[in-house]
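First to last, the protein sequences are chains A and B.
The working numbering applies: residue 57 is where the first sequence begins, and numbers increase by one.
The working numbering applies: residue 13 is where the second sequence begins, and numbers increase by one.
Hints are supplied without guarantee of correctness; some may be wrong.
[Claimed, not checked] Sample of chain A residues with no beta-carbon within 12 Å of chain B, all distances over it, derived: (1) Gly-255; (2) Leu-379; (3) Leu-455; (4) Ala-567; (5) Asp-598; (6) Pro-604; (7) Met-608; (8) Ala-619.
[Unchecked claim] Just so you have them, the derived chain A footprint on chain B, three or more residues with Cβ under 8 Å: (9) 22–34; (10) 61–70; (11) 161–167; (12) 190–196; (13) 221–235.
Simulated from the structure, these hints should not be mistaken for laboratory data.
For each residue, glycine too, the CB sits at the ideal point set by N, CA and C.
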Amino acid sequence: MNIGTLLFFGLGTLVAGIALGPRLPRVWLALTIAGTLAMLGAALSMLGGGSAWEWRSGFQLGGETLHLRLDGISAIFLALVAAVGGLGAIYAREYWSDEQHPESAPRSRLWWCAIILSMGFVLLSSNGLHFLIAWELFALSSFFLITLDRSARAGRAAGWLYLAASHAGTLCLFAFFTALAARTGSWELGPMRGHADLGALFWLALAGFGVKAGLFPLHIWLPSAHANAPSHVSAMMSGVTIKMGIYGLIRFSGWLPMPDAAGWTLMGVGSVTAVLGIAFALAQNDLKRLLAYCSVENVGVMAIGIGGALLGAAHGDALWGRLLLAGALLHVWNHGLFKSLLFFSAGSVLHATGTRELSRLGGLWRSMPWTAVMFAVGAAAVCGLPPLNGFVSEWLIYLGLFDTAASRNPSAVMAMPATILLALAGALALASFLKAGAVIFLGAPRTKAAEGAHESGPLMRGSMGALASACVAIGLAPALLWPPIARAVGIWNPAWASGAPPVPLFALGMAHVLLAGLLLAGGALLWRRVHATGMRRALTWDCGYSRPTARMQYTGGSFSAIAAGWFSWILRPERLQHRPRGPFPERASWVERAPETVLERIIEPAGRVVMQLSNAARRLQRGRLQFYIVYLAGGLIALAVLALWTK
Amino acid sequence: MIAILEIVFRLALWLLVAPLLPGIINKVKAWVAGRQGPPVLQLYYDLARLWRKSVVMSTLASPGFVIGPAVAWVALVVAALLVPLGPAGGALSFKGDVLLLVYLLALARFCTSWAALETGSAFEGMGAAREVSYAVLTEAALITAILSLSVQTGSVMLSGMLSLSSGPGALLLAAGLFSVLLAENCRVPFDDPNTHLELTMIHEAMVLDHSGPLLAVVLHGAAVKLLLFAVLLSEAVLPLGRLPPLAAAGALAGSVGLVTVGVGLVESLLARFAFRRVPLLLTIAFLFCLFALVLAWIGGAR
């Protein structure tokens, strides 16, 4: 089947899903799976070597003919949308079922299809106006998905914050696309490197797409939106929708002429985003906020890659720029896979215990072994540990940065700090995910809720299993992914179109296979040895305590205290303590909260000042005629004085 | 076939030589203190004994408590296989293998700490928290050191970057990497491998609940890691590639021995630092590596 047929089949089934979904959940599931499979098929046949697909209809929308195009870059993103869209639908069938959420489950199904469709259109549209329409539809579907559960105040607030931030970004994109159309004389999008005067527009695109991607400090909406949304929506938001911002940056940095500072800025912003994002993640006590901040970090990693590619293109040195862009593109996939996996596992925990607070969980491996294993795989992948997929893309980015440094190119002045910050971010990610995994799944349950947890059903486990096996597969056979990535790199910069990987991806894959084999062998050997020598169980040795309690365990807050302390200059943790007093203290408590510093210390105070000024100005509006006559007279006199003065 | 034999031979070398180092360190400490000390081969006896013992596992621990040490051990051994042995080169050598090495060390850290946290003990929690937090600084220092070698030699491959001299920054790099070695292997002044039951420990606090074969694997992995860092440090500083093969092998062995004795001397002559000063010390190690990088960068011609 050719790409066009598949795409239109996907479109038809997803529209049918929107129409029928609210009432017929099973039909909706079948339609969504069929639609996303068709989209995945189209994207994969494009990635497998198809030529770019273009379609122009006579049909007009907003005075412009509908023009769709799928090429190597958009296919990468479309494949991710389709994969997470389909698996998320399977997951949501169980996670957000009609029995538990009779009021919002139908809406969830409707907007789920809508967001897949609108993201598909963002990726396909080749016309600025239609891009904006699709972008807006996509933002609105996200808003309705975030606010599915309207009973919680935090969820509604997160939805509004998202809507406001997203529209601030869209405003920049409006300016970007209209300026683009005004200068080129057409809304059609495509390579425009010839127009040297378009360079400055990049800054508008960076602001607009940066808000969606969550680059620091434009990420303010991201943690609360991703944390308060239902988990299948969080997976979609963190795994896929923020990648639309990355898509915009890659797409338009490939098409437009770039200002010289673009690469430097993007790499610098990316490094800062990576380190600060993961520092915020480390300090969180809310599992889903932790995951959301980690997405900020990974967006930073991708931005380092894109910035490096821009520097590479500017300095005429093909090799390391290519590596960095390839790393960023591969990281789009990898992060989409493991972050969806982690959010699915988080949803499974939330579903079983009703809480996202790390300090109320613990010991869940016994009741939820499947989820525990899935979370561990996701955590290892997000920390970039071999032999999983996260390492492959980080390896490509590191290699690009090392090559930049080794080649003694002027860009190395930026690449060397970026390398060190990336290493710092990697080590902090390890601490964050060790904290999350251990506090949730290991040790003893800290509350009744954690004690009564239960494993999630087969659909939720199945979708997690599919994502985890994708993470393992990409790690073991990274060389297979090189051709589609290389083609996308070649589309981004035609000078870089060549086949053979400049790095030994095949050797890395072999090393990973060897490592995986040895890990299995080593694990089996030790497992058998332990059982052969005889094993008995006893209480955890705690310096002689005979009855340890769950409250004596190390907490997540204590675990992260050392490293989070190094970042207290930006984390600004809020502490509330009641010290024990007197010989028979009744109660003592210690609560620590890591606020979203940029939002709560900068944006909100600024907003309050604006509100105060507006309130002061409002006093002018008294609603009485006499005052308006006075204003008019005053204004006239002032004008007269001004006229006489300047004469 | 020959390749497989070579890997098996290297594996045997790493596995058999590694437990020698802690023995030498202990002998040096005993000698400085004027004691007889345990035999140099003590760790071999301990490992053999532990491997035969049965295991006591915490009631809270999951199968991850067994899998964790196994994965960490395999990761360390594979990392060791990546390290070139002077004139013999590395068993697996490809561009970017140095990053695989760094992340294999991270994998080992992840799994050791995961296994430590299995027990829900506050001691092990403290140990693991310190381990991963200080690793943030050591990893930055290590990557900076590698970056300076890479800038110096123009290579991103272990065999390429370690065979040449590390240039004008060699001394700085040696100081930085030696501090990283001490911190990563939990030696004085960062940690004290002798006192097991203190609140102040890192690595020893993490393995409090491990016993029998599990503890054997952890101890052996730690020995392999120490040898790995000693080899890495020696090769980063000495221009082994310019010597004839036999001399290079001798120089490498001698230098590893020297580093080991150095660790023993540091341990005898210094006291462990207070924990709040550890980050400061690690930052200094990072700065050593950073200055080595700056020197390599402005050093220019190679």
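Comparing the hints with the structure gives:
1. Gly-255: The assertion about Gly-255 (chain A) holds, with a minimum of 30 Å to chain B.
2. Leu-379: 10 Å, violated
3. Leu-455: Its Cβ does come within 12 Å of chain B, the nearest being 5 Å, so this is violated.
4. Ala-567: Non-interface label fails for Ala-567 (chain A): nearest chain B Cβ at 6 Å, not farther than 12 Å.
5. Asp-598: With a cut-off of 12 Å, Asp-598 (chain A) comes too close to chain B, as the shortest Cβ separation is near 5 Å.
6. Pro-604: Incorrect as stated: the minimum Cβ-Cβ distance to chain B is 8 Å, not above 12 Å.
7. Met-608: 6 Å, violated
8. Ala-619: It is violated; Ala-619 (chain A) is separated from chain B by about 4 Å at its closest Cβ, not greater than 12 Å.
9. 22–34: It is violated, with 0 qualifying residues against the three required.
10. 61–70: It holds: at least three residues are needed, and the segment 61–70 of chain B offers 8 whose Cβ sits within less than 8 Å of chain A.
11. 161–167: holds (count 5)
12. 190–196: Check failed, 0 qualifying residues.
13. 221–235: Holds: 5 residues of the segment 221–235 of chain B have a Cβ under 8 Å from chain A.
The earlier numbered hints that this structure contradicts are 2, 3, 4, 5, 6, 7, 8, 9, 12.
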